[in-house]
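Line by line, the protein sequences give chains W and Y.
Residues in the first sequence are numbered from 389 upward in steps of one, following this note's numbering.
Residues in the second sequence are numbered from -1 upward in steps of one, following this note's numbering.
Please note: incorrect hints may appear among the correct ones.
[What the hints assert, rightly or not] Pairs of lysine to aspartate or glutamate, EDC-like flavour, derived with a Cα cap of 16 Å:
#1 Lys425(W) <-> Asp459(W)
#2 Lys477(W) <-> Glu313(Y)
#3 Lys424(W) <-> Glu413(W)
#4 Lys535(W) <-> Glu412(W)
#5 Lys477(W) <-> Glu286(Y)
#6 Lys168(Y) <-> Asp249(Y)
#7 Lys425(W) <-> Glu413(W)
#8 Lys454(W) <-> Asp489(W)
#9 Lys477(W) <-> Asp249(Y)
#10 Lys477(W) <-> Glu310(Y)
Since the hints were made in silico from the structure, they are not lab data.
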Amino acid sequence: MKRHLLSAADLSRDDALLVLDTAEELAAVAERATVKKLPTLRGRTVVNLFFEDSTRTRTSFELAAKRLSADVINFSAKGSSVSKGETLKDTALTLEAMGSDAVVVRHSWSGAPVNLARWVRGSVVNAGDGTHEHPTQALLDAYTMRKRHGRLEDLRVTIVGDILHSRVARSNVLLLNTLGAQVTLVAPPTLLPVGIGSWPVEVSYDFDGVLPKSDVVMMLRVQRERMGAAYFPSSREYARRYGLDARRLALMPDDAVVMHPGPMVRGMEIAPEVADGVRSTIQEQVANGVSVRMAVLYLLLGGAEPAIGSEEETP
Amino acid sequence: MSESWLLQGVRLYGEGDPVDVRLDGERIAEIGTSLSPAASRPYDVSGCVLLPGLVDLHTHLREPGREDAETVETGTLAAAAGGFTAVHAMANTDPVADTAGVVEQVWRLGRDAGHCDVAPVGAVTIGLKGEQMAELGTMADSAARVRVFSDDGHCVSDASLMRRALEYVKAFDGVIAQHAQEPRLTVGAQMNEGLVSSELGLTGWPAVAEEAVIARDCLLAAHVGSRLHVCHVSTAGSVELVRWAKSKGWDVTAEVTPHHLVLTDDLARGYDPVFKVNPPLRTADDVEALRAGLADGTIDCVATDHAPHALEDKETEWGAALPGMIGLETALAVVVDAMGDRLTWRQLATRMSETPARIGRLEGHGRPLAVGEPANLTVVHPGVPWTVGPELLLSRSRNSPFLGRQLPVRVWATFLRGTPTMQTSEQPA
C-alpha cells in the first residue's frame, strides 16, 4: 500500500483485496469479542479534519480509529481558526506539530487531500474531496457487494444519478474496474462528465433496459439545487426517468441488491419502500464502513502487530 | 543623454555575418563591420542575435492595489530581464484603471522606474463590471495615450456593449482587447473541460466558451468596421475562427501566451495551483494548433499574460487559488523552445516586437534594425541554455510554471533608447 489513500486509483488489485480481507477479519473479531476494542493503534493519533459537515463519515472514521485504540482528535473547520482565514497549509503544519500519525480529511475542494499530503509526514486519508473522490466509500461498497454476492469479478454494477458531481461514482468506477466488476452508468446526459466515453464503463440512458442485467444497483443522491442549474427540468421528471421505485425493483434479478451511499433524498432518486426494503443494503453499508475504515487505518499506519494477531492478548 | 555603446559581433535578426552596431544617444548611429570604438563603449556580444526590443501586449503589474505581488518597479525589472522594452499594463488593478487618473499614475510609475516603457491599458467598462463604458476617450487623450482597452480577467460579454465599445474607439484609433470567456458557460470553472477535469472532479472551462465569444466578436468587428484584438487564444477552434475572420479581410488580431504553446491540462493532475491559469491549459491538440497558428501568422503575436500572485494565493487548494502565471522573464526562451525551427529570428521579431507594437500603436518600438531608428534592442544568446531558478527571477512573485525547466536561449542584454536596462554578467560561451 502507498502511504496515503487519496484516490481509489492508489490501490492495486492486491491492495484493494487486502483491505477487504482485513476488514472481514476485523468484523469477525468484533462479532466474536465482547469488547470490540483492539489495541492495535494504541498510542497513535488520528485526526479527523473536516472542512465540510459530514456527521456520518466523521463518526464512522472516529469509531474505526477508536476501535483500534488510537487517540482521535476531531478538528472541525467550523468554529476553528480555519474559518478565520487560516490556510490549509497552516492547519496541516499545526497538526504536524501536534504529532498526528494520520489525517482523515473531508474538504469541499477537489484535490485538497493531495495538497495536504505534501505538507504532512503522516498518512492522509481522503474522506471525500469536492466532486473528486471518496475512496473509503468505494471500498465499503465493494465490501458490501462481495458480502452479498460472494464475488466482485464480473459482477454487474449499475450506478445511477448525478455522476458528474459524484465523488462516490468516481471512486467506485476506479475501484470496481480494478476488481474486475462491470460498471454501467445511468444518468441524464447533463449529469455525465465530458469524456465519459474514455472511462472503463458502459453508459446508458435507459434505466429500465439496464435493470434486468444488474446484480447491484447503486443510487446516488441528486441535489434539488441541480434543478436550478437546468441539469433537469423538475424533480418529478427526474424521479420518473431515473428514480428507483417498486416497479423498477421488480425488473431486477431476484438476487440483485440496492445500494445508496446516503444521505438519501427519498422520493427523488429512491422510493421509501425501496430504501427500506429487504434488498436494500443501506444499513449494512453503514456498518461495513466502520470495518473497512478500520482496515484502511490499520494498513496505512502499518501497526507493528498484526491486525488480528493480538486477539489472544485482548482480555 | 545616454552614453554611446558599440555592440560588437552581433547578427541582426540572426541573419548574415556578424556586424558591429553603434548606439549613440537614443538611436542606432552606425552599422558595419570592424567599427572602431572611438568614443563608444565596446560591448562584445559575439555569437548573439540582435532583435528589436520585445513588446508585451499583456502584462499584469498589479500596481496599484497588490504591491505585495508585483509593483511597476519589479514588474518592469522583470520585463527588462526578459528582453522587453515596452509592456502594456492590464487594467485590473485596485482601483481599476478605468479613469485618466489611474492610467496616468501607472504610466508615470513606469517612466520613473525607467526599466521599460509602460503603456497602460484602459478598462472598457467602469470597474470591469461590464455594465457601463468607461471614459475611453479621456484615457486616450491623457498623458498615458491609451490605445488598448480591455476588461481582461473579465469578458465584455454584453453583445451590445461590446459593439458600442468597438465602434467608439475608432475615433482615436483604439482597439478592444477581448478576454473571450462566455461567463454563463464558465461558472465556477477551474480548468479545461475534458478528460482530465472529469477525472479530477474540477469544474470544466469548455473551449466553446472562448470560441463562441471570439466568433461573435469577429462578426461584430466586421459589422461596425472596427479592429478587434483577441487576448490569449487557447484553443484549436479559436485559431480556426481567427483564420476565418482574417480570410474575410476583417481587422482581427490575436495573441497567444508562451505557456499555452507548451503546457497542457494534464499538469493539473497534482493539483498544484501554479498550473492554474485563465484561460486554462488545454490539450496537446490545442497546443499544436496554437503553434501552427503562430507559425503561419494566424496568431499575430505572443503576449505573456504575466500574472504575478502572492505566495498565499497560490500555496493553497486548487479551487481557492488565483489563476495566473508569471512569464516576462521566460517568454522569449519558452517561445523559442516551443517553436524550434518553425520560426526564424526575423519572424520572432515580428511576433514579439513589431506586431504587438503596431497593435498597441506604440511609437518608437518594434522598429527596424536600421541606422536612425530608436535603439530599443534585445540581445539574445542562442547558445546558452539555462535552468529557470527562483533566484534568477526579478518579479516579486514566484508563480512560474517553468521553474526547474531548462530553456534553450538566454536574453543577454536589453537596451531602452540606447541605455542598457539589463546586461547579463556572464561571459558568452
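Could you grab the alpha-carbon distance between Lys424(W) and Glu413(W) and see if it respects the 16 Å cut-off? Roughly 13 Å separates the two Cα atoms, so the pair holds.
Does Asp459(W) sit within 16 Å of Lys425(W), going by the straight-line distance between their CA atoms? Answer holds: Lys425(W) to Asp459(W) is near 13 Å, not above 16 Å.
Quickly compare the C-alpha distance for Lys477(W) and Glu310(Y) to 16 Å and report which way the hint goes. 9 Å, holds
Given the hint that Lys168(Y) pairs with Asp249(Y), does the C-alpha gap stay at or below 16 Å? At roughly 12 Å apart (the allowed maximum being 16 Å), Asp249(Y) and Lys168(Y) satisfy the hint.
For a C-alpha distance cap of 16 Å, please report whether Lys477(W) and Glu286(Y) respect it. Violated: Lys477(W) and Glu286(Y) sit about 37 Å apart, past 16 Å.
Given the hinted pair Lys535(W) and Glu412(W), is their Cα-Cα distance within 16 Å? OK: Lys535(W) and Glu412(W) at ~9 Å, within 16 Å.
Straight-line alpha-carbon gap Lys454(W) to Asp489(W), limit 16 Å: 14 Å, holds
Between the alpha carbons of Lys425(W) and Glu413(W), is the straight-line distance 16 Å or under? Measuring from Cα to Cα gives roughly 14 Å; hence the hint holds.
Pairwise hint evaluation, Asp249(Y) against Lys477(W), where the allowed Cα distance is 16 Å at most: Violated, because 48 Å separates the two Cα atoms, which is more than 16 Å.
Is the hinted pair Lys477(W) and Glu313(Y) satisfied, with a Cα-Cα distance of at most 16 Å? Holds, at about 8 Å.
When each numbered hint is compared with the structure, violations occur for hints 5, 9.
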